[in-house]
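Knowing the structure of chain A, use the given hints to seat chains B and C on it.
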Amino acid sequence: MSFLATKRKDSLIDRRGLWLLAIPALVITILMQYMPLPGLIIAFKNYNYGLGMWKSTWSGFSNFKYLFSTDIAARITFNTISWNLIFIVLTHTVAISVALLLNEVSRKAVKFYQTIYFFPFFLSWVIAAYLGLALFNGDKGILNSILNTLGREGIIWYAKPEVWKGILPIAHLWKQFGYVAVIYYTALIGLNPQLYEAAMLEGANRWQMAYRISVPQLKQLVVILVMMDIGRIFRSDFGLFYQFTRNSSMLYPVTDVIDTYVYRALLTLGDPGMAAAAGLYQSLVALVLVLVTNKIVTKVDSESRVF
Amino acid sequence: MRTKKTVIMLILILIVAGTAIASGKQEAEEQPQELVKLTWHQIGNPQELLPEVMVEVNKYLAEKIGVELEIIVHGWGDYNTKMQTMHAAGESFDLCFTSGWANPFITTASKGAYMPLDDLLEEYGKDIKSKLNPDYWEAAKINGQIMAIINLQIMSNQRGIAIVKKYADKYDFDPQKITENKDLFDFFEKVKENEDGVIPFFGLDEGIYPDLNSEKSIYWDVIIGEDDDYIGVRMDDNTKTVINTIATDDYRRNAESVSYMLKAGYLPSDFVTLKLDEEVKGKEYSAFVMTRIKPGVEGENKVRYNKDTIVFGLHKPFTSTGSVSSTMTAIGINSKNPEKAMELYNLVYSDPYLYNLLVFGVEGVHYSLGSDGYVEQNADKSYSLPAWQFGNQFNAYLMPGQEPDVWEQTIALDKTADASPILGFVFDPSPVRNEVAACNAINTEYRTTSFYSDNLDETLNEFKKSMANAGIDKIIAEAQKQIDAWAGK
Amino acid sequence: MKRLYKKQNFGSLGIIHFTLILLALVCILPLLFVISISFSEESDLIKNGYSIFPRTFSLAAYKMILENSEQLVRSYLVSIFISVVGSISALTISSMIAYVMTRKDFKASRMITFLIFFPMLFQAGLVPFYIYVVKFLRLKNTLAILIIPYLVTPWLVLLLKGYMSQIPKSIIESSWMEGASELTIFIRVIVPMSKSALATVGLFYLLQYWNDWWLSLLFISDDSMQPLQLLLQRILSNAEFLRSSLFQSASGVAVDISKLPGDTARMATALLVAGPILIVFPFFQRYLVRGITVGSIKG
Numbered sequence: 001m002s003f004l005a006t007k008r009k010d011s012l013i014d015r016r017g018l019w020l021l022a023i024p025a026l027v028i029t030i031l032m033q034y035m036p037l038p039g040l041i042i043a044f045k046n047y048n049y050g051l052g053m054w055k056s057t058w059s060g061f062s063n064f065k066y067l068f069s070t071d072i073a074a075r076i077t078f079n080t081i082s083w084n085l086i087f088i089v090l091t092h093t094v095a096i097s098v099a100l101l102l103n104e105v106s107r108k109a110v111k112f113y114q115t116i117y118f119f120p121f122f123l124s125w126v127i128a129a130y131l132g133l134a135l136f137n138g139d140k141g142i143l144n145s146i147l148n149t150l151g152r153e154g155i156i157w158y159a160k161p162e163v164w165k166g167i168l169p170i171a172h173l174w175k176q177f178g179y180v181a182v183i184y185y186t187a188l189i190g191l192n193p194q195l196y197e198a199a200m201l202e203g204a205n206r207w208q209m210a211y212r213i214s215v216p217q218l219k220q221l222v223v224i225l226v227m228m229d230i231g232r233i234f235r236s237d238f239g240l241f242y243q244f245t246r247n248s249s250m251l252y253p254v255t256d257v258i259d260t261y262v263y264r265a266l267l268t269l270g271d272p273g274m275a276a277a278a279g280l281y282q283s284l285v286a287l288v289l290v291l292v293t294n295k296i297v298t299k300v301d302s303e304s305r306v307f
Numbered sequence: 001m002r003t004k005k006t007v008i009m010l011i012l013i014l015i016v017a018g019t020a021i022a023s024g025k026q027e028a029e030e031q032p033q034e035l036v037k038l039t040w041h042q043i044g045n046p047q048e049l050l051p052e053v054m055v056e057v058n059k060y061l062a063e064k065i066g067v068e069l070e071i072i073v074h075g076w077g078d079y080n081t082k083m084q085t086m087h088a089a090g091e092s093f094d095l096c097f098t099s100g101w102a103n104p105f106i107t108t109a110s111k112g113a114y115m116p117l118d119d120l121l122e123e124y125g126k127d128i129k130s131k132l133n134p135d136y137w138e139a140a141k142i143n144g145q146i147m148a149i150i151n152l153q154i155m156s157n158q159r160g161i162a163i164v165k166k167y168a169d170k171y172d173f174d175p176q177k178i179t180e181n182k183d184l185f186d187f188f189e190k191v192k193e194n195e196d197g198v199i200p201f202f203g204l205d206e207g208i209y210p211d212l213n214s215e216k217s218i219y220w221d222v223i224i225g226e227d228d229d230y231i232g233v234r235m236d237d238n239t240k241t242v243i244n245t246i247a248t249d250d251y252r253r254n255a256e257s258v259s260y261m262l263k264a265g266y267l268p269s270d271f272v273t274l275k276l277d278e279e280v281k282g283k284e285y286s287a288f289v290m291t292r293i294k295p296g297v298e299g300e301n302k303v304r305y306n307k308d309t310i311v312f313g314l315h316k317p318f319t320s321t322g323s324v325s326s327t328m329t330a331i332g333i334n335s336k337n338p339e340k341a342m343e344l345y346n347l348v349y350s351d352p353y354l355y356n357l358l359v360f361g362v363e364g365v366h367y368s369l370g371s372d373g374y375v376e377q378n379a380d381k382s383y384s385l386p387a388w389q390f391g392n393q394f395n396a397y398l399m400p401g402q403e404p405d406v407w408e409q410t411i412a413l414d415k416t417a418d419a420s421p422i423l424g425f426v427f428d429p430s431p432v433r434n435e436v437a438a439c440n441a442i443n444t445e446y447r448t449t450s451f452y453s454d455n456l457d458e459t460l461n462e463f464k465k466s467m468a469n470a471g472i473d474k475i476i477a478e479a480q481k482q483i484d485a486w487a488g489k
Numbered sequence: 001m002k003r004l005y006k007k008q009n010f011g012s013l014g015i016i017h018f019t020l021i022l023l024a025l026v027c028i029l030p031l032l033f034v035i036s037i038s039f040s041e042e043s044d045l046i047k048n049g050y051s052i053f054p055r056t057f058s059l060a061a062y063k064m065i066l067e068n069s070e071q072l073v074r075s076y077l078v079s080i081f082i083s084v085v086g087s088i089s090a091l092t093i094s095s096m097i098a099y100v101m102t103r104k105d106f107k108a109s110r111m112i113t114f115l116i117f118f119p120m121l122f123q124a125g126l127v128p129f130y131i132y133v134v135k136f137l138r139l140k141n142t143l144a145i146l147i148i149p150y151l152v153t154p155w156l157v158l159l160l161k162g163y164m165s166q167i168p169k170s171i172i173e174s175s176w177m178e179g180a181s182e183l184t185i186f187i188r189v190i191v192p193m194s195k196s197a198l199a200t201v202g203l204f205y206l207l208q209y210w211n212d213w214w215l216s217l218l219f220i221s222d223d224s225m226q227p228l229q230l231l232l233q234r235i236l237s238n239a240e241f242l243r244s245s246l247f248q249s250a251s252g253v254a255v256d257i258s259k260l261p262g263d264t265a266r267m268a269t270a271l272l273v274a275g276p277i278l279i280v281f282p283f284f285q286r287y288l289v290r291g292i293t294v295g296s297i298k299g
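Residue numbers (the working numbering), protein chains in the order written: chain A, 1 to 307; chain B, 1 to 489; chain C, 1 to 299.
Chain A extracted, bound-state conformation (with noise of 0.2 Å):
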């Protein structure tokens, strides 16, 4: 038998080789996640500057019950998980679209394409905040001039929420679906060629083939790759909702999220507790999507699983 499946001692010293490669991970590790895990107390106390985390004066579920209490935990939950949605159904389709059309033009072609869709990737939710700042200023915005020019009014943007229901999926897509568009296509150009034989010797045109055959082939992929965006779904991209809308306060009723909020309480209203309780409302939340989401993956292709 090989050495591999001998009974090996597995103390430290006979594995110390293995130990030291995994050392470094391990401590790290151990010193970002799992040490500042007695911080969560501070969702259960009323935090004192002076006092810090260990002596400041318990309060129970105060903090949480106040959190539920007011429309605050309402409006970010609801903020939270809908634009998830609405991102998945919107990138999913996108991408998958573009894969198809991608998979109908030359090689090369495909190269050019995706090094041009894949400039949003690279760019960070900073940079493309100037972006939007070029297309959404109020005074100068190209948006607006382009309206004035058309004889409309121009909007204030960063202050007019119920636009913004329309730009951050736009955002987010165009930040996104060059990197999705990338799975989907691999997917297709690695489907077994023989598929699309007896169809063209039908004489079905490439609609069809992309619609009835391409398509049905993905079903597994979108499954495991929808299931898992689903798994995160209590968690936002920090960047599109902070940078990308410059913090705009009035329009925090479409663009604060469990994460956006967090942040602001901590640092700029200065309510650690607060905070802390919604931090780990969301913590746990995702806990139980993520074991759920996982376990119905396994289900469809057991090779997917994580743990």
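Possibly wrong hints are sitting among the right ones.
As the list claims (entries may be wrong) - Capping the alpha-carbon separation at 30 Å, the derived lysine-lysine pairs in DSS-like fashion look like this:
{"#": "1", "chain 1": "C", "residue 1": "LYS107", "chain 2": "A", "residue 2": "LYS295"}
{"#": "2", "chain 1": "B", "residue 1": "LYS190", "chain 2": "A", "residue 2": "LYS140"}
{"#": "3", "chain 1": "A", "residue 1": "LYS140", "chain 2": "A", "residue 2": "LYS160"}
{"#": "4", "chain 1": "B", "residue 1": "LYS141", "chain 2": "B", "residue 2": "LYS415"}
{"#": "5", "chain 1": "C", "residue 1": "LYS104", "chain 2": "A", "residue 2": "LYS295"}
{"#": "6", "chain 1": "C", "residue 1": "LYS47", "chain 2": "B", "residue 2": "LYS307"}
Simulated from the structure, these hints should not be mistaken for laboratory data.
Relative to chain A, chains B and C alone:
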């Protein structure tokens, strides 16, 4: 071979970058003597020439009290957030600026960010105590303990608008003759029509000023903080009734007029995100808001913005807890040398040499002192820090534009200003801290939204509803309870 | 797919290319606007607003920035430092742990795998993390805190693990038979065989560090240590930050800021940061593409 080259290149870049950064940090670690090091956080315009001034300051301080001082100036927009993060992290600092409008005193002090100062003042702050009217100390007390040192300067408050003289003259506009808002708006309209590249007005994103002239306007004394003005007591109300200001007609009219100015193009469209100081310096405005009018303000404007202005008040001057405590300095709860910090501040309070050094710079280098006692700033080496952050402003040399008896005038003004019915009352937010946090957040959002709204009434209704859900009535009840108890004393 | 087609339908191919080109335009247009603004004349913009092509071509913005480039250069150095040191360290550490995870014969590997991936399920959140880093670790305003948190990024470790688990166990075995230590096996066998995965993950780490503004937003208040993205963000949120930081005149007497490039300079700064990324990264695209697909499909 190619990988080897890339690796070598990378290592070289690393070494260069690493040394560049390391050298930047090195200058900090050069003084292993027994001087006590103090840090002082301030708000203002970061000064490029601060280091050379501090060399002189520290020479003096080393001799006098064995202290080495570092002043850190945070920009106007950054200060609140920077201080919040420092409090949340329990970072140790010695002195910091606090007030109702920056690094909000009430909320931060009641969360334990500062040291109680009663004993320290007795021992090390004798000059401070003696110079300040004892009644005013009430404004700096939380739960009976003094939590910050009040800076001595103009104690009364009056908000106003400064009109740039050359435009006023050109369009025959006399601010003293304003009887209704329309008069001011007409002036703005003329500027907008005829002046290319000049923005009519900057300001009024804070406060409630339905009538833009001092005869008509009644001020609301705020209870929680200058920015959190959703509850207040009317200046002329001796029954001291706490009112939800958002529900008042005054509030609505104020939002209306700001909204009007926005739509008419008198205000820059994103004015809520801009900073007054930088805007007025960086662009051409025909008028801007003045947060504090005092004797000599026109002179200050001349020096600060190089503009001749006519300033008029938006309401009658008054003294309130907020106005008295609008510039304070606190000692951090985690400060390692609170005694020395108090000693230092006492010195700034009483020593004109030190005071003027900090505010104006080194005599002969950054400014020259005329024989009449007037300061003339050196245009090439310009330096200045806000005079009201350094203890006792009456120590200051005169600036061009201020009359020789400016300090006497100030004291006289303070004596004659109306006193708010709740002067001396300090609100304790801890019984309703959750409601306060939530209402503060909603207030910040909606106050500006109401300016941009297409349907003001609808927005205001939403605003009121949100505040109700967040518990504003509970806050009002608690505030009234505390005020009644305080007044009954 | 096109190989199957002998007779191409040019009509539908035309529509396809048209759509794809439209998409490409949407991706690029905002960038072009920013470029155009940066090369415009400031006073023209104040009067007439931004435009798609510069009405008056001007290099004033770039001139001002490059003449006062101290802060920009400094931030560049910081960003380069943390990106290079960060990605190399992260790659090393991540590949080591990924390999250990593939060794099913090592009893502890299951527990180790769990320890590393559990944080993907549950995190303490911002508040505990923030207070912990600033109060207990005292790592505020250090370059370390900009590097350490990302050194072990779970999904990238996963990527490496997925790739490495495909290395035939027999190779490891035979090396062991020849008396090689675990470390030697790792360095001499595993690493060379994982070159393309390492390249991919290395690039992802590089991109992550270079584009990060989150850690510096939280922990950096010292101007001399701000990386590019943080500098950009401050310039964006404070309209006058750029001009006033370059020409600090207290009483406004020395320099008339209003005459200096403002918006044009902000856009120019953004370009000076985005430019290098957009020029450099496309060259490494194929590694990234490979990585994305392997990573997502193999979970």
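Going through the hints against the structure:
1. C:LYS107 <-> A:LYS295: holds, 25 Å
2. B:LYS190 <-> A:LYS140: holds, 22 Å
3. A:LYS140 <-> A:LYS160: holds, 16 Å
4. B:LYS141 <-> B:LYS415: holds, 22 Å
5. C:LYS104 <-> A:LYS295: holds, 23 Å
6. C:LYS47 <-> B:LYS307: holds, 23 Å
Checked against the numbered hints above, the structure breaks none of them.
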